[in-house]
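**Q** Chains as they are written, first to last, in the working numbering: chain U, 70 to 547; chain Y, 70 to 547.
Simulated from the structure, these hints should not be mistaken for lab results. Among these hints, one or two may not hold up.
A pair holds if it fits inside one copy or across any two, identical chains being indistinguishable in the list.
In silico lysine-lysine, BS3-like type, Cα no more than 27 Å apart, as pairs [unchecked claim]:
hint: 1; residue 1: K134; residue 2: K511
hint: 2; residue 1: K497; residue 2: K322
hint: 3; residue 1: K497; residue 2: K396
hint: 4; residue 1: K134; residue 2: K385
hint: 5; residue 1: K197; residue 2: K109
hint: 6; residue 1: K277; residue 2: K322
hint: 7; residue 1: K131; residue 2: K396
hint: 8; residue 1: K258; residue 2: K431
hint: 9; residue 1: K197; residue 2: K396
hint: 10; residue 1: K131; residue 2: K297
hint: 11; residue 1: K220; residue 2: K488
hint: 12; residue 1: K134; residue 2: K535
hint: 13; residue 1: K385; residue 2: K497
hint: 14; residue 1: K197; residue 2: K134
hint: 15; residue 1: K322; residue 2: K407
hint: 16; residue 1: K511; residue 2: K154
hint: 17; residue 1: K535; residue 2: K488
hint: 18; residue 1: K442; residue 2: K279
hint: 19; residue 1: K297; residue 2: K313
hint: 20; residue 1: K297; residue 2: K277
hint: 21; residue 1: K513; residue 2: K322
hint: 22; residue 1: K538; residue 2: K99
hint: 23; residue 1: K373; residue 2: K396
hint: 24; residue 1: K258; residue 2: K529
hint: 25; residue 1: K294; residue 2: K313
hint: 26; residue 1: K373; residue 2: K497
hint: 27; residue 1: K220; residue 2: K197
hint: 28; residue 1: K197; residue 2: K99
Protein chains: 2
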Amino acid sequence: MSNNDNRNFVEQIADINTNFAQWYTDVVVKTQLVDYGPVKGTMVIRPYGYAIWENIQRELDKRFKATGHQNAYFPLLIPMSFFTKEAEHVEGFAPEVAVVTHAGGEELAEPLAIRPTSETIIGNMYSKWLQSYRDLPILINQWANVMRWEKTTRPFLRTSEFLWQEGHTCHATEEEAMEETMKMLGVYKEFAENCLAIPVICGRKTEKEKFAGAVATFGMEAMMKDGKSLQAGTSHYLGQNFSKAFEIKFLDKDGVQKYAYTTSWGVSTRLIGALIMAHGDQRGLVIPPVVAPVQVVIIPIAAKKAGVVEACNLLKERLESAGIRVKLDDSDNSPGWKFNEWEMRGVPVRIELGPRDLEGGKMAVFRRDTCAKDFYPLEGAEQTVQALIETIQKDMLESARVRRDERIVDADTLEELLKGVDGGNFVKAGWCGCRECEDEVKAKTAATARVCDSQNTHAKCVVCGKPSKHTVIFARAY
Amino acid sequence: MSNNDNRNFVEQIADINTNFAQWYTDVVVKTQLVDYGPVKGTMVIRPYGYAIWENIQRELDKRFKATGHQNAYFPLLIPMSFFTKEAEHVEGFAPEVAVVTHAGGEELAEPLAIRPTSETIIGNMYSKWLQSYRDLPILINQWANVMRWEKTTRPFLRTSEFLWQEGHTCHATEEEAMEETMKMLGVYKEFAENCLAIPVICGRKTEKEKFAGAVATFGMEAMMKDGKSLQAGTSHYLGQNFSKAFEIKFLDKDGVQKYAYTTSWGVSTRLIGALIMAHGDQRGLVIPPVVAPVQVVIIPIAAKKAGVVEACNLLKERLESAGIRVKLDDSDNSPGWKFNEWEMRGVPVRIELGPRDLEGGKMAVFRRDTCAKDFYPLEGAEQTVQALIETIQKDMLESARVRRDERIVDADTLEELLKGVDGGNFVKAGWCGCRECEDEVKAKTAATARVCDSQNTHAKCVVCGKPSKHTVIFARAY
């Protein structure tokens, strides 16, 4: 029962410490999460990857509905003229848009954009639907594909087409819209931590980094194992920018026509990239149990011995009826091959069951997160495994948090900031608030302002030395 | 407690008997299932409509997984050159395709089609993934949007973009592929009958009506209230047409390279149109409980009287904890207004609860399908309502079946066939099997061959009088 035979799979994965980018590519392709599509910049999400997305969708959708949102579906194609109605928005998105010029055998009178995001077309519909304060708030979410043209492909991280959800809400007042913006950021944070086991830092984005057309963007940032940051979700307070551009108005209680205040918020299949890079190791994926397609893999040892496969099947049924997602690998491959395969694919728990285990009424249980193996009685396996799954989920968050917190450093100078990000850290530093200093940080260190910290704990701007307005988390980012 | 006050809503719906097309449009728009998008041919699926689609998805997805399928996601954009690889396929789909010619600010080297269906791009990926007989069968489904250009808009029935699922499978032998084709047709039929309460007639499509690129298409046809037929789902046996066009090959057990046999099958948001037109009446929608967004609406009577709203809330909680989807309408509108509103929106069960009911420990229960009202004890309401919901589901199927079976007639001549479809019937008639006679039926009666019946019960072709090869169900169709 050695883990060391037949490690051919693992040897094919690039070294995580010296070549993180290649490690990532190796892992996503070899575990069959994803493949490259025929058109540059596109990906195919394969069943194992899509099953993670389904689990993410289920967990998020439950939370959206619990906070009063309903799903709807808006058209993929947006008249190009819609984009020009909000000046910042068109500037931000026009360069990335894919355009339909011909359809049904004819050239179109007006070219149509494939949605890069749906504020404009949803705004157009809301202007029709919204009449009175009684219609407010409008709380709608959409699960959809979107397109932002890319020439390179980084599966889940940067592709022309990706899957996401986009919430779009309308409110009577600034306060309510801001409350919604922060509430959904909170939903994302709770989801990231409790479902993906990824600790996140939330905060306001700088003007430079905000969403094109927003008054304010709030983001959550997650640290990957190489110390870089990944923007894992954003929530935008749009003020009246889009309601004025699209005439989203209502008759208020006081008999006055007013523009609504709107928000939008989204997360995407990037989250799959985030969980891979937040938890993976040299053996491959480590998937948090809540979103793992397979939570427990059962591997028969000496499968030809009488009773082994039957016992494995019985255990599978017991665990499944306790609501656990189980795979029994009864293929012809050797146990060692299977160990490697399922470790690479990141299954949280492996149970090995052979004749000796059965005699002793026990099972060998391997935890993917710590790679520790223990023996437990077969009796009460449902409770044991359920408890272990919950422990793994918590431990993964906790160890990611420890890993991250060790790698947040402070800087008072640009040199310290550069040293910090070179060392794979998030760097906290003061910032005067001006665009020139923000640009200077990027030019000198390749780090960007990820989010403003909740408190301004630094006296001076890391660039110009003037008084700090915000303490900012700087990092290199995906 | 009259049903007849305040019927302003219902009066706005066109007469179902004399103007079915307008009735349909009125119902889908006024019940907020759907709205028209800004681009011709597009629709917005509003929350009430999308909730039906979510219920359809949940029920179908469960069935797909129970039959061994996994979900995945393939790119939206397909290189135009892919279409030309299967001759019939390109001929069928090229005229409907929307084409992206520019993206990221540049003209593309090769124009890209927005998928009208995904056989080609999925075939391209399968050719990479399939190596050995051990990889078979490949059983994958995709939930996605597709685009087939339309200049007119009939919400849910005919729009440029619609939502659907498309299953795509690969098999080692013709037998297995044909078995899959028929199995999924069976899944659709069981779903249509048990979830949508729509009886369907399944059978093989004629050459003229089959999917472009298939060896054989099997469809299920449903009768709408105007006697027209709606194709509610199709399952295609593709033989080796796509495997040869896309080099989907495997090394078989015998060491020989072979082309796989493939299938595809799909249903779409058309199903929402089907359930509206199969069950709706002059008051509006009648939604079968299994897919109804709201299964029970509770309406307080004399809501200001002490204890009424509290009792309604308590009942709501009791029903919800029994797994029933409940809406309590405690808005300021009058009970009569609410009755009409929720009848129009097709909620299967309405419970009215007022001071007198509470005194007597009872509730008034209205069934939307029969429009009958009865009183039941409040005690045991969970069981009563659950049982009623199940009864309604079964009764709706049964009454749709009776309605349909009364409207299937036989014809021996073209005149009889015309008279039959003019009278809003499905017409069974013999057919010699030649394209000319099929075209002649369409030219003279505007009816098309929907499916071939399972048995050939007619002696002669309804057109030419030669021996009948197939008894065909002819109907006018959506």
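**Q** Where does the structure disagree with the numbered hints, that is, which hint numbers, in rising order?
**A** Failing hints, ascending: 1, 2, 3, 6, 8, 10, 11, 12, 13, 16, 18, 19, 21, 22, 24, 25 and 26.
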